[in-house]
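Chemist: Residue numbers (our numbering), protein chains in the order written: chain F, 1 to 92; chain X, 1001 to 1269.
It is worth saying that the hints were derived from the structure and are not from the lab.
Take the hints with a grain of salt, since some may be wrong.
[As the list claims (entries may be wrong)] Examples of chain F residues toward chain X, derived with CB under 10 Å:
1. Leu24
2. Ala39
3. Gln57
4. Arg70
Where is the CB? At the ideal position from N, CA and C, for every residue including glycine.
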Amino acid sequence: MRIHVRYTAQVRAAAGRNEETLDLPQAASVEDLLRSVGARHGEAMQRLVLRPDQTPQPSLLLFVNDLQWRPSEPSALSEGDQVAIMSPIAGG
Amino acid sequence: MSVPLNRTGALPVPSERPGRNMLTDEERAIYEWQMWTAGFGERGQDKLKAASVLVSRVGGVGGAAAYYLAAAGVGRLVLAHAGNLRPSDLNRQILMTHDHLGKPRIESAARRLRELNPRVAIEPVGQNIGQQNAADLVGSVDLVVSAAPRFGERLLMNRHAVSRNKPLVDCAMYDLDAQITTVIPGRTPCLACLYPEEPPGWSRQFPVFGAVAGTIGAMGAVEAIKLIAGLGEPLAGKLLVCDLRQMAFRTVAIQRNPKCAVCAGRRAG
Chain F
1 MRIHVRYTAQ VRAAAGRNEE TLDLPQAASV EDLLRSVGAR HGEAMQRLVL RPDQTPQPSL
61 LLFVNDLQWR PSEPSALSEG DQVAIMSPIA GG
Chain X
1001 MSVPLNRTGA LPVPSERPGR NMLTDEERAI YEWQMWTAGF GERGQDKLKA ASVLVSRVGG
1061 VGGAAAYYLA AAGVGRLVLA HAGNLRPSDL NRQILMTHDH LGKPRIESAA RRLRELNPRV
1121 AIEPVGQNIG QQNAADLVGS VDLVVSAAPR FGERLLMNRH AVSRNKPLVD CAMYDLDAQI
1181 TTVIPGRTPC LACLYPEEPP GWSRQFPVFG AVAGTIGAMG AVEAIKLIAG LGEPLAGKLL
1241 VCDLRQMAFR TVAIQRNPKC AVCAGRRAG
């Protein structure tokens, strides 16, 4: 299934692009998406989106179709979902 | 004087507050054009005059916020910022001047704000927010503008703002991205709901144009003025995400974390 991903801030820099569409297996989860993004864009991206145990970074801001997603929530994605991955920023 | 929020989560109107100071004729003349704003008027200006705001820090983001809050006539501004001015600060920290290189940043910031509006009580604190001062500084004001370049400082201010029931406007940027949200304790997510721990990938040094930092700082000032005056709708429970590369702005809903270590179980005070 096709998932549209939008990146902001440091994850945008790590991805080298604002957005992209990824092909994932049916019934893929948000965690699967993050692992796919990490594998696709290298070590810097992996550190930003995943902990060493491959679970999502708890301070990453994730929105699925503009609704905030938390690791404690159901994570199955659907064809055509729009996911925003926002790295935390504190520039002042 | 610090005053608790009223039942709607906004700052109380001056008539509910002790020590109300009416505007002088000179102040009416200075603020005349902003008092023409629908829903604001002299009553709104009176609320600004009675209000106190902590801005931490007063660099690219917080400096712009403090500048506009001073211009608008907020009665008392408490500024927290440590360290001496360096050349690399000058592209964005608009309260700092070249003649002040090597001297404390906070002195330059206070001087510029007093030059801009000598009617505002400026209280400079030459320290960053830390365990030693956070409770006192947050407790001494009505509202906090959070603009420090480290998550630790932001999260500490958030903790004390929630505990003291003070609204907090959090403004942040990176590169050409910026974001802002308003924390109203007990009603909205707090910063610890969003960031349950300090993000490991954040670096104190980040790419920044002054105009980007100033954009989100000015928005922070607008949000603070709205909260004080009861004007418009604050970004309560909403995160405004600004992509200034594309000039694209999105507002997304954010949720309280029922397991938040800072605000779980807290209800609007």
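Chemist: Next step is simple, just say for each hint if it's right about the structure.
Modeler: These are the hints, each one checked on the structure:
For Leu24/F, the interface hint is violated, the least distance from its beta-carbon to any beta-carbon of chain X being 22 Å, above 10 Å. Restraint check, Ala39/F versus chain X: the minimum CB separation of about 17 Å is more than 10 Å; hint violated. About 7 Å separates the beta-carbon of Gln57/F from the nearest beta-carbon of chain X, less than 10 Å, and the hint is met. Because the beta carbon of Arg70/F sits about 7 Å from the nearest beta carbon in chain X, less than 10 Å, this interface hint is met.
Of the numbered hints given earlier, the model fails hints 1, 2; all others are met.
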